[in-house]
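Q: Below, each chain spelled out in residue letters.
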Amino acid sequence: MSTLTAAQGLLTVAAADPATKIPAPHIEYAQLAPTLIVVGAAVLGVLVEAFVPRKYRYYVQVFLAVAALAAAFAAVVGLAAGGYGNSKAHIAAMGAIAVDGPALFLQGTILLASIVAVFTFAERRLDPAAHGNRVDSFAAQAASVPGSDSEKAAVKAGFTTTEVFPLALFAISGMLIFPAADDLLTLFIALEVFSLPLYLLCALARRQRLMSQEAAVKYFLLGAFSSAFLLFGIALLYGYAGSVSYAVIADVVDGTVSKIDPALASTMGNDALLLIGGALILMGLLFKVGAVPFHMWTPDVYQGAPTPVTGFMAAATKVAAFGALLRLLYVVLPGLRWDWRPVMWGVAIVTMLAGAVIAVTQTDVKRLLAYSSIAHAGFILAGVIATSAEGVKSVLFYLGAYSFVTIGAFAVVTLVRDAGGEATHLSKWAGLGRRSPLTAAVFAVFLLAFAGIPLTSGFAGKFAVFKAAAEGGAGVLVVVGVISSAIAAFFYIRVIVLMFFSEPKADGPTVAVPSPLTMTTIAVGVAVTLVLGVAPQYFLDLAGHASTFVR
Amino acid sequence: MENLIALLVAAPLLGAAVLLCGGRRLDKAGHWLGTLFAAASFGIGVALFADMLGRGADDRTVHQRLFSWIPVEGFQADVAFQLDQLSMTFVLLITGVGTLIHIYSIGYMEHDERRRRFFGYLNLFLAAMLLLVLADNYLLLYVGWEGVGLASYLLIGFWQHKPSAATAAKKAFLVNRVGDMGLSIAIMIMFTTFGTFAFGPVFGAVDGTSEGTLTAIALMLLLAACGKSAQVPLQSWLGDAMEGPTPVSALIHAATMVTAGVYLITRSGAVFDAAPDAQTAVVVVGAVTLLFGAIVGCAKDDIKKALAGSTMSQIGYMILAAGLGPIGYVFAIMHLVTHGFFKAGLFLGAGSVMHGMNDEVDMRKYGGLRKYMPITFVTFGLGYLAIIGFPGLSGFWSKDKIIEAAFAKGGTEGWILGGVALLGAAITAFYMTRVMLLTFFGEKRWQPAPDADAVPSAEPAAEHRAGQLPHPHESPKTMTLPMIVLAFGSVFAGGLFSINEAFVKWLEPVTSFEHGNPPLGAGAITASTVVVLLIGVGLAYVQYGRKPVPVVAPRGSWLTRAARRDLLQDDFNHVVLVRGGEHLTRSLVYVDHSLVDGVVNGTAASVGGLSGRLRKLQNGYARSYAVSMFGGTAILIAATLLMRAV
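Protein chains in written order, with the UniProt record's numbering: chain A, 1 to 551; chain B, 1 to 646.
The set of hints was computed from the structure by calculation and includes no laboratory data.
A portion of the hints provided could be inaccurate.
[Said to hold, decoys possible] Examples of chain A residues lying across from chain B (beta carbon under 10 Å, computed):
1. F225
2. M268
3. D271
4. A272
5. V292
6. V331
7. G335
8. W338
9. R341
10. V357
11. V360
12. R367
13. E503
[Claimed, not checked] Covered stretches of chain A (in silico footprint by chain B; criterion: 3 or more residues with CB under 8 Å from a CB of chain B, positions within the stretch not fixed):
14. 125-134
15. 217-224
16. 276-282
17. 343-355
[As the list claims (entries may be wrong)] For lysine to aspartate or glutamate, the following EDC-like pairs were computed, each having C-alpha atoms within a straight-line distance of at most 20 Å:
18. K616/B - D127/A
19. K444/B - D359/B
20. K616/B - E214/A
21. K428/A - D127/A
22. K162/B - E146/B
23. K371/B - E443/B
Beta carbons are placed, not taken as given, at the ideal position from N, Cα and C, and that holds for glycine.
I would like the entire structure built from these sequences, with the hints used as guidance.
A: Here's what the structure looks like:
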């Protein structure tokens, strides 16, 4: 804090006297280790693409990615054990990145979810081998036009897009920074760092490449659109507070800073700038979490993207974006909560209802899960709005529980296949329970968790956020949430009924036997779902210990 | 010594478990095992009785706390027993008569393939009934209450291949459920009012509780008693319950279980004494049932149903006495015990007659049996003399006291109740004489046994007897022995109890006792009892002893016809309850279909329609999405600014 203001003071002076006084930035490498490990591995991954023979790249990349993620997770655990989650929480990297409970908890969640997601990236046994080469979910050569000779040649040559691993690592590194960012510029950079690789990953589907590419373009265009709003919001807030630092903005909002930057004298403290800027930044984050009315990219992108990427995106992006949203609302704008809470109420209500209602008529399982994720974003928003430690705790818990259910559910989707690849149309899932009882049962567990049935993590999570919301005085939100849950239960249960109580179709899909990689992903998903459902208290306490933001 | 109390319940419970879980291996020895467990329980009861007699009148009550059943903050339920003089009386009656009836059943059920199971159920009944009378709180009593209901259901429907038996069992169960609701509601009111349902604390807290609450509790307890003891208006099941094997009718539906209502009211005397309105309800129920059962008993040709009407009527006497308060409790219980002896004896005698008459139950097809079944005739005859209150026999002592107490109620009420009790005594004499004359006197009116196909019979042997005239014969020793023992009870129990007011002194510390002051002298009342008795006997003799009895019942007067149909009780229930219930469910189903389903389906349809419409917004064009985001952002900003402006 003091170094921060001092640095800003110096910076403003620096305009007149640029040469001498810029201090060497002080970086706490150890405390930033999780992110640094992942970034390092991503860079290494690029080098691997350049120097390692094609034959070995897949193995090296998978090993590198998993090892880096595991090491990063170990680093997070180490930091948490070292007390950085509470007693030693502070702001590192010259005020750019917070190392505190919520940041570490969310980083840990992102890393664990990423590990199981990377397993599904690495799955190569679902499709039959093409020309004697094992294939994964990604295009043989992303640059070749779909259906062209170049693509055929690439398939024949057995190319695989092993770049997905470094891309994923870059995205993860951005996600790790996003919820920890402690100034608006870091926030924006983290946003771009994790978004750009995601746009690319969305375009890389092996099957239905046109749809995949369309999804990627839409995601990119709309993402860029929202980034523009976000950036504009950052500019306005800078104009309002004279700083991009969360702490300084918060102080200005609270009225505890009296020092006025002469260059910004005409705008500083102008509430219109604060309100409009805050709304714009909120919008940028709401876009990423997929809240209504900024959700429209979600179904198209979830459907078009390669399913492993969808699962990864649906889980990890949501965790990161909600982390950033929490920090923004709890650290930067708590003084403004009487302004943003009613607005967020509206957003949460519309999101819960629209997600649940529109999902009712979906016929594609990936789109169904996309709308389900929108409804869940609404539920999590209800916890965010609680504006209490209890709210933070419930959101952290919900995010952890939801990630694993989501990745597991999308992993199951990758297994149900027919001649054209994944059979995502719901009519093809009819009678799956008769043919593949285990797969159907596992999917049913995930659906029940989405629906929030007791003894699954979904129930514990929903209970926690609704409790926090109710205690925070948002009874109406809870009522709407329960109604939405009831509507949502309809389509979750409908899929279960379809799987178990319908006659299987003659030309129905088959369930591929995956490698241990996807099996691990699904098993972890089921295990987390049940453990968090049966004995949630330990994890709730863990989230509770990690619910204090540093400022 | 008090640690033995649990064994009283445990012995027959263990017997039930062994017999019901033991499987076919125990088929050969099951009935002996069952009898052994019952006898063991009786033995323990006698030992405890001796122990109790050894103590002074005021510290005869002992407790045994077994374990904490439901230990919840603010809701403490224990499995604990209380053995006092009242419980002791019941324990001896239940285990004593129970053991005798076990012995009787050995002979009676000899040809039944499922005899082991029958004894298992009998043991289960004993355990439940003992739990009922030994519990030291209402919740545990309720367990026993439900347990005897279950055993009763299983035993009424024991010959479940007969649709009539299955229906009767179901009817008994359903009617009893109504009463059970009363008991559970009473317990709930007790818990909310007193915070406990243990006898001691509840009775201790009666002072200082509003009369309204106490009346509510007492009325609910009365409802429970009506169900279990077949009192008007919940009397309709008892007649049908005679579909069960006769030992069951003797033990459960005459001597013990049906008297549970009397026990409940006597046990809860402290509550009733403080709720005079409820006591009035009790005496009304008792008086009405007393006449109701007696009238029904006059018209029935089925020997068991005639006895069932009599049971109802005699329990009416007990309920009436219990409703009189401290002047009546002791005599209610005394009549209960003497009734236990003579009514069980009468039923066993009826069973013995049926045993010798191809399972025929229609008394019009009996006649002149006294020569063929001398032991049955003598024991049944002694039971008969006891129940009509022939001076000197058991029924005389107990019934006379009840009539006295009824007069002692005082005022117009006392005259009405006393008159009803006297009238009942006359009718009792009439219908019992009728049973006696039809069965044992007059000419033989025996009919060939019906085809085995036409009437499904309980016993496989019945097939061989189809079409033959019955050969009445005396029953085996296992059956006659219990009848003889019970006959001794019928003759001497009342007299023994009355020597020096022994029974009153015995029960007084538990139930409290006051001497009633009837407006007439005790001698006058006794004299009128004897007079009405003679009138009843005389009328019956004129009607059934002097004239030949037709085999097919004559049409009879409207009263007879109504009484044959149990005074239209089933017609009443059918019209009021069944039809009413059907109309209620039909309208509920209608509301469910039209309103509830309409709302549900309508909601579902509108959600679906909304979903379809909203879905169209998702048109796949990035430009529309961008517009939506732009519009959303504009709204977000506008709303934020608006919030500040407001």
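Q: Against this structure, judge whether each hint is valid.
A: Hint check results:
1. F225: holds, 5 Å
2. M268: Check failed: Cβ of M268/A comes no nearer than 18 Å to chain B, outside 10 Å.
3. D271: Holds. Min distance 7 Å.
4. A272: With a minimum Cβ separation of about 7 Å from chain B (threshold 10 Å), the hint on A272/A holds.
5. V292: With a closest approach of 8 Å, the V292/A hint holds.
6. V331: Hint violated; V331/A Cβ to chain B Cβ min 18 Å, cut 10 Å.
7. G335: The hint is violated - G335/A has no Cβ within 10 Å of chain B, the shortest such distance being about 13 Å.
8. W338: holds, 7 Å
9. R341: Holds: closest Cβ of chain B sits about 9 Å from R341/A, inside 10 Å.
10. V357: holds, 5 Å
11. V360: holds, 4 Å
12. R367: R367/A check passes; min Cβ-Cβ to chain B is 9 Å, inside 10 Å.
13. E503: violated, 24 Å
14. 125-134: violated (count 0)
15. 217-224: holds (count 4)
16. 276-282: Coverage by chain B holds here, the residue count being 5 at a Cβ distance below 8 Å.
17. 343-355: Holds: 4 residues of the region 343-355 of chain A have a Cβ under 8 Å from chain B.
18. K616/B - D127/A: Not satisfied, since the Cα-Cα distance of roughly 34 Å exceeds 20 Å.
19. K444/B - D359/B: holds, 16 Å
20. K616/B - E214/A: Holds - the C-alpha atoms of E214/A and K616/B are around 19 Å apart, at most 20 Å.
21. K428/A - D127/A: holds, 18 Å
22. K162/B - E146/B: Roughly 25 Å between the alpha carbons, so the hint for K162/B and E146/B is violated.
23. K371/B - E443/B: holds, 11 Å
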